[in-house]
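These protein sequences, in sequence, are chains A and B. All the letters of the first sequence, read from the start, carry residue numbers 1 to 97 under the numbering used here. All the letters of the second sequence, read from the start, carry residue numbers 1 to 367 under the numbering used here.
No lab work stands behind these hints: they were computed from the structure. Among these hints, one or two may not hold up.
To be clear about the criterion: a stretch of chain B counts as covered by chain A if any three or more of its residues have a C-beta under 8 Å from a C-beta of chain A, and this derived list gives those stretches [said to hold, decoys possible]: (1) 109 to 116; (2) 192 to 204; (3) 219 to 233; (4) 253 to 262.
Far from chain B, by Cβ distances over 10 Å, these chain A residues were calculated [what the hints assert, rightly or not]: (5) 11; (6) 17; (7) 19; (8) 21; (9) 25; (10) 40; (11) 51; (12) 57; (13) 60; (14) 61; (15) 63; (16) 65; (17) 71; (18) 84; (19) 91.
Here are the simulated distance ranges between beta carbons [as the list claims (entries may be wrong)]: (20) 24(B) to 66(A): 34 to 40 Å; (21) 64(A) to 251(B): 33 to 39 Å; (22) 96(B) to 62(A): 45 to 51 Å; (23) 21(B) to 63(A): 31 to 37 Å; (24) 87(B) to 85(A): 14 to 20 Å.
Where is the CB? At the ideal position from N, CA and C, for every residue including glycine.
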Amino acid sequence: VTQAGAIARAPSVLWRRVGAEVLLADPAGQDVERLSVPASATWLLLDRPRPMAELTRLLADELGADRDEIGDRVVALVDELRSHGWLEAVDAGSGPG
Amino acid sequence: MHDVPAAASEVRRIAGAGLAPAEPVTVASGRWPIVLSGLDFHRLTGIALTAYESGNLVLPEEQVEDLLVHHRSAMVQALSIERRLLRLIGAFYAAGVRAVVLKGTAVAHAVYPDPTMRPFGDLDLLVAASAWRTACEVLRAEGYRRDLPEPRPGFDERFGKAATHSDAEGVQVDLHRTLVLGPFGLWLDPDELLESTETFELAGRRIERLDRTGLLLNAALHAGLGSAAPLLLPLRDVAEASGHPGVDWDRLAAWAERWRVRPALARAFEIAERSLAWEPPAPAREISARPAGRAEGRAIRAYTERRRVGGMALAAMRAIPGLRAKTLYLYGLLLPSREFLRARGRPSYVARWRVPAGWVRRQLRHR
Chain A
1 VTQAGAIARA PSVLWRRVGA EVLLADPAGQ DVERLSVPAS ATWLLLDRPR
51 PMAELTRLLA DELGADRDEI GDRVVALVDE LRSHGWLEAV DAGSGPG
Chain B
1 MHDVPAAASE VRRIAGAGLA PAEPVTVASG RWPIVLSGLD FHRLTGIALT
51 AYESGNLVLP EEQVEDLLVH HRSAMVQALS IERRLLRLIG AFYAAGVRAV
101 VLKGTAVAHA VYPDPTMRPF GDLDLLVAAS AWRTACEVLR AEGYRRDLPE
151 PRPGFDERFG KAATHSDAEG VQVDLHRTLV LGPFGLWLDP DELLESTETF
201 ELAGRRIERL DRTGLLLNAA LHAGLGSAAP LLLPLRDVAE ASGHPGVDWD
251 RLAAWAERWR VRPALARAFE IAERSLAWEP PAPAREISAR PAGRAEGRAI
301 RAYTERRRVG GMALAAMRAI PGLRAKTLYL YGLLLPSREF LRARGRPSYV
351 ARWRVPAGWV RRQLRHR
């Protein structure tokens, strides 16, 4: 993700919130993925595309953590969700994900 | 056993939670297993969880965990149905069939503040009568098997409400020609409903559903006529849909008059008010306050009082215009195909005719 870029939910994913956790389903697949609490918080905060810095700040507030301390873990988490196709990088000006 | 009525009352209060200001619902720990099974039965786990999150339901941590387990399972099912919906909509589109989503899936996305509040266990799709055959063929090609054959060729398009199709995993798709069985389903005009649609987004695709006025009509007919004792979730659908600013009450009132469904709507509003301690909006009260005609009053009794004694078939026959059409309807009921008889577990016409003979006997006894 470049400085000008943002992170968004992949639009082709089916999902539901169950309490603090999120269930994701690939329309072409068979399984339903149950996200961890931090991954669920990330998904829920991405109600619109957000730059990494903003996402990190919001997650730090949400999880009551120091943003400098969680920065690397947020990057790793976003990378992992992107590797599954759940999240994607978009232009910062893109519409809601 | 003495806890069952108290548990039922708690389930009802949870079903109406958040609709009007009220004290938060608490559940005695000894009653929780019964309440939880009631929430499952009425598909209210999403309403309960939302009530808990907004402070309208007070639960200890272990009960919240129980609720999350049950609701997770309901949402896995909803996602699996939405997966099928996406696939089917693509197949219908490819075959040139326009399919409009009804009931649970549609209200979850269009009426509730969050679709997690509204579980659903099957898929309901409305198609025009002219597209009925092609739609059935699409479902067959997609691996769905029709649960019951139609009584006679052409019966579905003229008189039917819906045909249930199941896939190999038992997931059901109800293919609708109209919204409800019997006279009210015959009086309303599905083609006009199909002119009043909007879309919702699902996995990046626009899916067609009835507009919010149509969804309220759909929810109210289902809640008011679907069964003698409706589940609480369809009643909550009526309350949620009635509160949506997108409802065109003038159009609903005009439909109610023209399609003679006013007593059915009135019944739905009345049961929802009584069951959920919900206050219907003024336009709903206006619709309910108008007196029912004699035919409509007789029709509503066919659903509520005489459903199991042949009342529905008789009321439907009265609602069918023209002698020729009435004869065709009666022919389909009395002389259905052998395949239909076998599927209904009545392998002969003699066995089949025991049903109407029983009606006649009961009718005579009632007089």
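Evaluated hints:
{"no.": "1", "hint": "109 to 116", "in the structure": "holds (count 3)"}
{"no.": "2", "hint": "192 to 204", "in the structure": "holds (count 3)"}
{"no.": "3", "hint": "219 to 233", "in the structure": "violated (count 0)"}
{"no.": "4", "hint": "253 to 262", "in the structure": "violated (count 0)"}
{"no.": "5", "hint": "11", "in the structure": "violated, 4 Å"}
{"no.": "6", "hint": "17", "in the structure": "violated, 5 Å"}
{"no.": "7", "hint": "19", "in the structure": "violated, 5 Å"}
{"no.": "8", "hint": "21", "in the structure": "violated, 8 Å"}
{"no.": "9", "hint": "25", "in the structure": "violated, 4 Å"}
{"no.": "10", "hint": "40", "in the structure": "holds, 12 Å"}
{"no.": "11", "hint": "51", "in the structure": "holds, 22 Å"}
{"no.": "12", "hint": "57", "in the structure": "holds, 24 Å"}
{"no.": "13", "hint": "60", "in the structure": "holds, 22 Å"}
{"no.": "14", "hint": "61", "in the structure": "holds, 19 Å"}
{"no.": "15", "hint": "63", "in the structure": "holds, 18 Å"}
{"no.": "16", "hint": "65", "in the structure": "holds, 22 Å"}
{"no.": "17", "hint": "71", "in the structure": "holds, 29 Å"}
{"no.": "18", "hint": "84", "in the structure": "holds, 15 Å"}
{"no.": "19", "hint": "91", "in the structure": "holds, 17 Å"}
{"no.": "20", "hint": "24(B) to 66(A): 34 to 40 Å", "in the structure": "holds, 35 Å"}
{"no.": "21", "hint": "64(A) to 251(B): 33 to 39 Å", "in the structure": "violated, 50 Å"}
{"no.": "22", "hint": "96(B) to 62(A): 45 to 51 Å", "in the structure": "holds, 47 Å"}
{"no.": "23", "hint": "21(B) to 63(A): 31 to 37 Å", "in the structure": "holds, 33 Å"}
{"no.": "24", "hint": "87(B) to 85(A): 14 to 20 Å", "in the structure": "holds, 18 Å"}
Checked against the numbered hints above, the structure violates hints 3, 4, 5, 6, 7, 8, 9 and 21; every other hint is satisfied.
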